[in-house]
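Peer 1: Listed below, chain by chain, are the residues.
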Amino acid sequence: MPKSLETDLLPEQAITKMAPGAVPTAQLKTMYRVMFLIRRVEESLLQMAESGKIGGAMHTAIGHEANAVGAAAALLPGDYVTCTYRGHHHSLAHGMDPKEAIAEVLGKATGFSKGKGGSMHFIKPEIGLMGANGIVGAQVPHAAGMALASQLRDDGHIAMTFFGEGAIYQGVMHETFNIAQKWHLPIIFYCENNRYSEMTPIQHTSSAEEIFLFPKGAYGMESIQIDGNDVEQVFSAVREAAERARAGEGPTFIEALTYRLAGHMAGDLETYRSAEEIDLQRKHEPLVVLRDRLLERGVSKEELAQIREEVDAQVKEAVEFAENSPWPDPAEAYTDVFVE
Amino acid sequence: MATEVKLPDEAQGVENITVNRWLVKAGDTVKSGDPLLEVATEKVDTQIQSPADGVVLQINFGEGDLVPPNAILALVGLPDEAKVAVPARAPEEPEHTEVKDARVAPLPSDGSEKPQPDGQGPAPAAEGEPKATPVARRVAEQEGIPLNEVKGSGLGGQVTKEDVLQYAEQHKHAGEAPSPGGEEPSPAAAEQDEELKDVASLPVGRLAAEYSINLRQLAGDRPLRSLTVEDVLSAVESRRSGKPVKVQPRRPAQPAPVQQAAQEPTRQAPAPAPAPAPAAPQPQVAPPARQPQAAAPAPRADLQPGEEFVPHTRMRSLIARNTVQAAFSIPHVTTWWDVNMSAVLEHRRANKSEFAIGGVNLTVTAYLVQAVITALKAVPAANSTWTDEGVIIKRYYNIGVAVALPADPKSGLGGLIVPIIKNADNLSLVGVARAVNDLAQRARASNLKADELQGGTFTITNYGTSGSRFQTPVIAGNEAGILGVGAIEKRAVVLSNGHPLDPNVGDSLVFLPVLTLGFSYDHRILDGATADRFCAKVKEALEGWK
Amino acid sequence: MARQTTYIQAVNEAMRDEMRRDESVFIIGEDVGRYGGLFRVTRNLFDEFGPRRVLDTPISEQAFLGMALGTAMVGMRPIVELMYMDFTLVAADQIFNQIAKMTYMSGGQVHVPLVIRGQQGGGKRYGSQHSQSFDGLYSHFPGIKVVAPSNPYDAKGLLTAAIRDNNPVVFLEHKLLYFTRGDVPPAGEDYVVPIGKAQVRREGTDLTIVSYSYSLLQALEAAEELSKEHGIEAEVVDLRSIVPMDMQTVLDSLEKTGRLLAVHESYANNGVGAEIVARAYELAPGLLKAPARRLGMPPVSVPVSLTLEEEILPWRRQIKSLVLEMMGKG
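Residue numbers (my numbering), protein chains in the order written: chain A, 1 to 340; chain B, 1 to 546; chain C, 1 to 330.
Rather than coming from a laboratory, the hints here were simulated on the basis of the structure. By construction, the Cβ of each residue, glycine as well, lies at the ideal position given by its N, Cα and C atoms. It is possible that part of the hints are untrue.
With a Cα cut of at most 27 Å, we get these calculated DSSO-like pairs of lysine-lysine [said to hold, decoys possible]:
| hint | chain 1 | residue 1 | chain 2 | residue 2 |
| --- | --- | --- | --- | --- |
| 1 | A | K53 | B | K131 |
| 2 | A | K29 | A | K216 |
| 3 | C | K256 | C | K197 |
| 4 | B | K243 | C | K197 |
| 5 | B | K490 | B | K537 |
| 6 | B | K539 | B | K422 |
| 7 | A | K182 | A | K216 |
| 8 | A | K29 | A | K99 |
| 9 | B | K449 | B | K422 |
| 10 | A | K108 | A | K53 |
| 11 | B | K537 | B | K394 |
| 12 | B | K151 | B | K352 |
| 13 | B | K25 | B | K6 |
| 14 | A | K316 | A | K301 |
| 15 | C | K228 | B | K246 |
| 16 | A | K99 | B | K131 |
| 17 | B | K539 | B | K352 |
| 18 | A | K53 | B | K151 |
| 19 | C | K256 | B | K246 |
| 20 | B | K539 | B | K377 |
| 21 | A | K316 | B | K151 |
| 22 | C | K175 | C | K197 |
| 23 | C | K256 | C | K228 |
| 24 | C | K256 | C | K175 |
| 25 | A | K316 | B | K352 |
| 26 | A | K316 | A | K108 |
| 27 | B | K131 | A | K108 |
Sample of chain B residues lacking proximity to chain A, with all beta carbon distances greater than 12 Å (derived) [as the list claims (entries may be wrong)]:
| hint | residue |
| --- | --- |
| 28 | A200 |
| 29 | D425 |
| 30 | N504 |
Chain A with its partners taken away, still in its complex shape (with noise of 0.2 Å):
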């Protein structure tokens, strides 16, 4: 039977540069709100998945919620995200319709792309979100791109690009990496490290003891590393990389230390690691250190279970109008090959 190896690096443990109470209570509250409803769409989608609703590849990012919620927060109306396969939550961070979010992953007429891109390829230009992808590391480039075009027009927007620490070996990464650098593009390298690529664990596969020392040390680029389960120092950690990159000093990595609570994807049987490291990484979980947060910070048990009652209304109401809505008309096929 295979054993995960020990992880020695619990959040606590992660070098930090912000200090808590960054951000307003308030916003903190709607924070929570937005991270909730990513994670019980996630869980919805996983549990239709797994009942043979959703067919092909789909993988939920439970566990990942203030990466996409601290940094959305972070950047400004405008700024360009694209991110993996494992996106939804950037979508809905930054503001996408569950109901045509599920829609969409259902393969329905009433999805954001009318149901040609599923799960893997959510993308939505009015909210800044330039698309997720199916291939690792692919997303990287277009980001940079973007930030190309911004910088070649002048007109003051960045672009953030997400990717998994899996992805930090594809040629494709420091092709973009050397070019952003050289080239001092408005660009957020951000990669969300839960420390499993795919189904293996990063210490066998990466000859770099922490991934962003090696940006810093092969291209000279501003590198941090934060703990990815605390929204705030999410936020905080964007908002700083954000005004460099506007203000023309060129890239930022930053390196999020973070978990997947969930299998890979819908039908992982997850024995690659036990249940004793999946326990102890969810009484560190990011809702969970929200929860805490909010407490503190004097805000009621009653009124956190009442966001938790909306948004559960919230998502019932979706996953019905998606599972109601139509399947696309065959015509659909043949249409957005080319564009006039």
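Position chains B and C against the provided structure of chain A, taking the given hints into account.
Peer 2: What follows is chains B and C alone, placed relative to chain A:
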């Protein structure tokens, strides 16, 4: 497993097949071989028979619908196979492991947590109600179906939408075997019918994707499968030029064959006469270049008093087109030969009643067929097809026998059809006679199969039966000649004992049953001498019949 | 008044004119700026437009193709130069998984008005990795338009159309076309050759030869020789666009001739010629008097040696001999 009812293989090369009428309805019990429906091709109506014993479970096309070659027309099977017949919408459910539930655990309780739903989906059932999906609930409510009577096929016995719809179906046709389809298809089956029909053909889809044409917009109310390549090209050109453009269907440069001929599969180089898609991988639904109009046109505005307009039947249009093409592209020459039919008539007299006991009407046509085959074997060029590079000689003998169809008493317009006896050289006289009887009878009853109208190598037309002595028949399609046969008449013939041409004392007149053969031939392939050699052989065979 | 330019000049002018007309057009690639491009196709553009419109990249095809896609997704119109079309394979994920599919996967929410251009083809002994032809591969994947002009007039007109097109277009040049000359309209005259339209370049009655790019010139030469030496009059159709493909012009020609030969330099097996033949049979089999044929390179990598290259490149000599065979005179 239910059996699919499809068009026969011979129909694969044939275009424009529509459903004429259904002879059964869903729920009827049928035996293998029972006729289920009539379909119409351009020239002939054909019945489709049931491939199996069973119950008609599902009917997928309505009367008047165009049928793509590979379509499933209907399903026949056991009554409880109805479920299998409906393509499943919901995929299988994998095994449910408890570990999953444990992972998605609720947040540590602070006293006001709601318990997590336990894998039933986000709509928890109220106490005492059967577990059902929200959609199932809604449909059940709409249809007035008591949920607790519906058997659930979902996870943990959960009732799904499909379960409810099936329950509704079963109880609609009270007393009959549960079967979707039929006169009042259930919503699910109607949905499936729609989905089965409404798909664009591949050439159309490919063009739409390449040129960004929205097929649904283009089709409007029509089904997608009615769109043609020309429709899409017209849309492209109109968009390009900014004004409406209509791209015409392409006309093949070469004449088409008279019959609805698909090319013989043994052929390498295509004949000059093209046929519907012989080598194409998939003859698709998109209607072909030539479209004989079947619909009745509006009454003509230019009729004078005393004039009556008779719209063309399919058959008339086809005959017109085919004969015009043949007449103007093949150099016809007709050679006439007189034949003494005494031997044949005597043989016939001697054997007619014996044949009749076997149920066969022995006609002169049967003798003609056999005599023709003998002659074709002696002059193979007469059993061939012309191409630019060379002549394709057939070593098989598919003899077409023209049959006149009853005329419309009001207009006097009749019809003509040419059923084909395949491999007629393998048949004895009885066999030929039987085949001739059968084909003629079924031709008049409009009951010929498509493959009985294709693939001919030589044609005989016996206009003698309608009283004519001489005609100059028109060659059928891609054949080398057509043998016309005139009426048998008692004629005065000179019988000479001496020199054949100088007058002799012993010359006498005898009265013999004589008919005149009118052999029209393709002068590109046959010259006078070879054509006459053929006729001589026919005459020899007929006059020497034993 | 007509003037003559080389193929390279025509391509250069198209880019220059479009960059003057539309600020969102820019060029990106290796050595395209200060150096003016390995084959000098982008020469003088850096001087006129500066480093913010003509960008030199490191040798990082995946990154700069991906970045070009990113700029296109937010409204710019990049022209990406691939030094050799063979480097398509280095950036294959960005080209075929990303650029080609982004519009479709997003249900039309984003457009990708991007041009990839560069030279391909054999005949200069560059060997297997620098002599291939990519019309077959590009045209196989949905979402990318493919054009391959054979002369300066079409080159300028098609590149202009490609830059103005809101879809990814790959513009295939050929090493041996670069210094060919041809008539083009006066400087400053705005014209476009529409993508998706073929053109008859030589009229004839005996058979139809369909080709594009450098092979088209070879087909024209072969047609002249066939006419003089054998009295065979070939009609030569320049496809110009492989995606979308104008089969109607080909079929119009077939109505006259009844015989079809498709010729191209990319591999014959599973190639563009096979597609042309298949479409002819699918759309109008009645027009064909004889089996349609296709000619391309045999399934061997391109060798360096002169005699070996001559053996396999499907040019004038091979076209002639195949036509003679088709006409029954070979």
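Peer 1: Look at each hint and say if it fits the structure.
Peer 2: Hints versus structure:
no., hint, verdict
1, A:K53 x B:K131, "17 Å, holds"
2, A:K29 x A:K216, "35 Å, violated"
3, C:K256 x C:K197, "19 Å, holds"
4, B:K243 x C:K197, "18 Å, holds"
5, B:K490 x B:K537, "22 Å, holds"
6, B:K539 x B:K422, "23 Å, holds"
7, A:K182 x A:K216, "13 Å, holds"
8, A:K29 x A:K99, "22 Å, holds"
9, B:K449 x B:K422, "13 Å, holds"
10, A:K108 x A:K53, "12 Å, holds"
11, B:K537 x B:K394, "18 Å, holds"
12, B:K151 x B:K352, "69 Å, violated"
13, B:K25 x B:K6, "16 Å, holds"
14, A:K316 x A:K301, "22 Å, holds"
15, C:K228 x B:K246, "40 Å, violated"
16, A:K99 x B:K131, "24 Å, holds"
17, B:K539 x B:K352, "22 Å, holds"
18, A:K53 x B:K151, "20 Å, holds"
19, C:K256 x B:K246, "22 Å, holds"
20, B:K539 x B:K377, "14 Å, holds"
21, A:K316 x B:K151, "25 Å, holds"
22, C:K175 x C:K197, "24 Å, holds"
23, C:K256 x C:K228, "21 Å, holds"
24, C:K256 x C:K175, "34 Å, violated"
25, A:K316 x B:K352, "86 Å, violated"
26, A:K316 x A:K108, "17 Å, holds"
27, B:K131 x A:K108, "25 Å, holds"
28, A200, "7 Å, violated"
29, D425, "50 Å, holds"
30, N504, "86 Å, holds"
Checked against the numbered hints above, the structure breaks hints 2, 12, 15, 24, 25 and 28 and satisfies the rest.
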